[in-house]
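**Q** To convert, take the position in the sequence shown, counting from 1, and add 11; that gives the numbering used here.
It is worth saying that the hints were derived from the structure and are not from the lab.
Do not rely on the hints blindly, as some may be mistaken.
[Stated by the list, open to error] Simulated DEER-style distance windows between Cβ atoms:
(1) Ile266 to Thr126: 45 to 55 Å
(2) Pro20 to Glu47: 18 to 28 Å
(3) Asp129 to Pro194: 16 to 26 Å
(4) Leu242 to Ala153: 16 to 26 Å
(5) Asp192 to Gly62: 13 to 23 Å
(6) Gly74 to Leu272: 12 to 22 Å
(7) Gly237 to Lys267: 22 to 32 Å
(8) Gln98 to Asp232: 29 to 39 Å
[Stated by the list, open to error] Computed cross-link-like contacts, BS3-like style, restricted to lysine-lysine with a CA-CA straight-line distance of at most 30 Å:
(9) Lys30 to Lys43
(10) Lys30 to Lys271
(11) Lys79 to Lys244
(12) Lys32 to Lys66
(13) Lys79 to Lys54
(14) Lys271 to Lys224
(15) Lys140 to Lys51
(16) Lys195 to Lys224
(17) Lys140 to Lys244
(18) Lys30 to Lys195
(19) Lys79 to Lys43
(20) Lys244 to Lys32
(21) Lys66 to Lys79
(22) Lys43 to Lys54
(23) Lys30 to Lys66
(24) Lys224 to Lys43
(25) Lys271 to Lys82
(26) Lys66 to Lys271
(27) Lys224 to Lys267
(28) Lys66 to Lys195
(29) Lys51 to Lys82
(30) Lys32 to Lys79
(31) Lys140 to Lys66
(32) Lys224 to Lys244
(33) Lys267 to Lys30
(34) Lys244 to Lys51
(35) Lys244 to Lys54
(36) Lys271 to Lys79
(37) Lys181 to Lys140
(38) Lys54 to Lys140
Built from N, CA and C at the ideal position, the CB exists for glycine as well.
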Amino acid sequence: MAPAPSTTPHPAILYALPKDKVASSLGDFVIKAQDEALSKRSKFTLAVSGGSLAKTLVDGLTGRDEVKWDKWVVFFADERVVPLDHQDSNYRVVHEGLFSQVPIPEQNIHPISTTNLDDPEEVAHEYEKQLMNEFAGKNAVAFPRFDLILLGTGPDGHTCSLFPGHELLKEDSAWVSWLNDSPKPPSTRITLTYPVLNHAHKVAFVAVGEGKKEVIQNLLDHPELGLPSSLVKPLPPGQVYWFVDEAAASQTEYIKTDFKL
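Construct the entire structure; sequences and hints are all you get.
**A** This is the structure in structure tokens:
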């Protein structure tokens, strides 16, 4: 009898890159993840966060002929419960910066429903239903398995809308949850949960700049702190990667890996 597969997460892989190589390396990585997914099925499922990550993604993918946009299916790893044209909307940031400029079918992009913005619990429920429709329904799979999730991290170590000390860090059954007490405005948000993040095939964090050096050190050198980004540990064969520039990596003693595909 073959031994049972390990459930111990693989250690994170850290790429510390020259600042001008972060976007292009991330672009190469995303395209490889796309190609691996399309070798097995007819679509590439991706979840993205907002913030500065969006610009890095735009810079890494703009003008790349290898991107098969019509095969992409895009969700948002977290979203502010605001209209889609609001300045705080992650959808707006990513759509204006990238998706409005490339031939991705609009029906392949999944923003939140704006019908019930005064009821964040319902917004989360509706978004979970969108995920169920894409990933065969909650009765068929325990949790969706994204091909790739792209995330950022805040100075406090938060990711998505999962903040230090928040009760959502303990959520173990919902696919999408909500909060109305985010310490970072706007306060009302929805977010993918750890079970979804940790069932992904690949998760890639992106962090650049000297302002991120302390949090990168805390996340990678001191996992015992339990900061939210350090709790993203995909189950095998899943893997988490960190794409950071040399300034952000300047304080961590975590082993660095040369980037190559």
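**Q** Evaluate each hint against the coordinates.
**A** Taking the hints in turn, this is what the structure says about them:
In this structure the supplied range 45 to 55 Å holds for Ile266 paired with Thr126, their Cβ-Cβ distance being about 48 Å. In this structure, Pro20 and Glu47 meet the distance hint of 18 to 28 Å, their C-beta atoms being roughly 20 Å apart. Range check, Asp129 to Pro194: Cβ separation about 21 Å, and the 16 to 26 Å hint holds. Judged by the Cβ atoms, the range 16 to 26 Å given for Leu242 and Ala153 holds: they are separated by roughly 19 Å.
Distance hint check for Asp192 and Gly62: the Cβ-Cβ separation is about 19 Å, which falls inside the suggested range of 13 to 23 Å. At about 19 Å, the CB distance of Gly74 to Leu272 agrees with the hint of 12 to 22 Å. For the pair Gly237 and Lys267, the beta carbons lie near 23 Å from each other, so the given range of 22 to 32 Å is met. Distance hint check for Gln98 and Asp232: the Cβ-Cβ separation is about 35 Å, which falls inside the suggested range of 29 to 39 Å.
A threshold of 30 Å between alpha carbons decides the hint, and for Lys30 with Lys43 the separation of about 21 Å falls inside it, so the pair holds. Pair hint Lys30 plus Lys271 holds up; C-alpha atoms about 16 Å apart against a cutoff of 30 Å. At most 30 Å may separate the alpha-carbon atoms for a hinted pair to count; Lys79 and Lys244 meet this at roughly 28 Å. For the suggested pair Lys32 and Lys66, the alpha carbons sit about 14 Å apart, so the restraint of at most 30 Å is met.
Our distance criterion of 30 Å between C-alpha atoms is met by Lys79 and Lys54, whose separation comes to about 9 Å. A C-alpha spacing of about 23 Å is found between Lys271 and Lys224, which places the hinted pair at or below 30 Å, so the restraint holds. For the hint pairing Lys140 with Lys51, the CA-to-CA distance comes to about 25 Å; that is within 30 Å, so the pair holds. Taken as a hint, the Lys195 and Lys224 pair is honoured in the structure, with Cα atoms around 20 Å apart against an allowance of 30 Å.
The suggested pairing of Lys140 with Lys244 holds, with an alpha-carbon distance near 25 Å, which does not exceed 30 Å. Straight-line distance between C-alpha atoms of Lys30 and Lys195 comes to about 27 Å, which keeps the hinted pair within the 30 Å bound. Using a Cα cut-off of 30 Å, the hinted pair Lys79 and Lys43 holds, with the two alpha carbons roughly 11 Å apart. About 25 Å separates the Cα atoms of Lys244 and Lys32, which keeps this hinted pair within 30 Å; it holds.
Our distance criterion of 30 Å between C-alpha atoms is met by Lys66 and Lys79, whose separation comes to about 20 Å. Distance hint between Lys43 and Lys54 is fulfilled; the C-alpha atoms sit about 13 Å from each other, no more than 30 Å. For the proposed pair Lys30 and Lys66, the alpha carbon gap of about 13 Å is at most 30 Å, so the pair holds. Annotation: proposed proximity of Lys224 to Lys43 holds, straight-line Cα distance about 28 Å (limit 30 Å).
For the given pair, Lys271 sits about 25 Å from Lys82 by alpha-carbon distance, which is consistent with the 30 Å threshold. Of the pairs offered as hints, the one joining Lys66 and Lys271 holds, with about 22 Å between alpha carbons and a cut-off of 30 Å not exceeded. Using a Cα cut-off of 30 Å, the hinted pair Lys224 and Lys267 holds, with the two alpha carbons roughly 14 Å apart. With a C-alpha separation of about 20 Å, the suggested pair Lys66 and Lys195 falls inside the 30 Å cut-off, and the hint holds.
Of the pairs offered as hints, the one joining Lys51 and Lys82 holds, with about 12 Å between alpha carbons and a cut-off of 30 Å not exceeded. With a C-alpha separation of about 22 Å, the suggested pairing of Lys32 with Lys79 holds against the 30 Å cut-off. This hinted pair checks out: Lys140 and Lys66 have alpha carbons roughly 29 Å apart, not beyond 30 Å. Between Lys224 and Lys244 the CA atoms are separated by roughly 21 Å; this keeps the pair inside 30 Å, and the hint holds.
At most 30 Å may separate the alpha-carbon atoms for a hinted pair to count; Lys267 and Lys30 meet this at roughly 15 Å. For the given pair, Lys244 sits about 24 Å from Lys51 by alpha-carbon distance, which is consistent with the 30 Å threshold. Pair hint Lys244 plus Lys54 holds up; C-alpha atoms about 24 Å apart against a cutoff of 30 Å. Between Lys271 and Lys79, the direct Cα distance comes to roughly 21 Å. Compliance with the 30 Å bound is thereby established for this hinted pair.
In summary, the hint linking Lys181 to Lys140 is supported, as the alpha carbons are separated by about 21 Å, within the 30 Å threshold. In summary, the hint linking Lys54 to Lys140 is supported, as the alpha carbons are separated by about 19 Å, within the 30 Å threshold.
The structure fails none of the hints (numbered hints given earlier).
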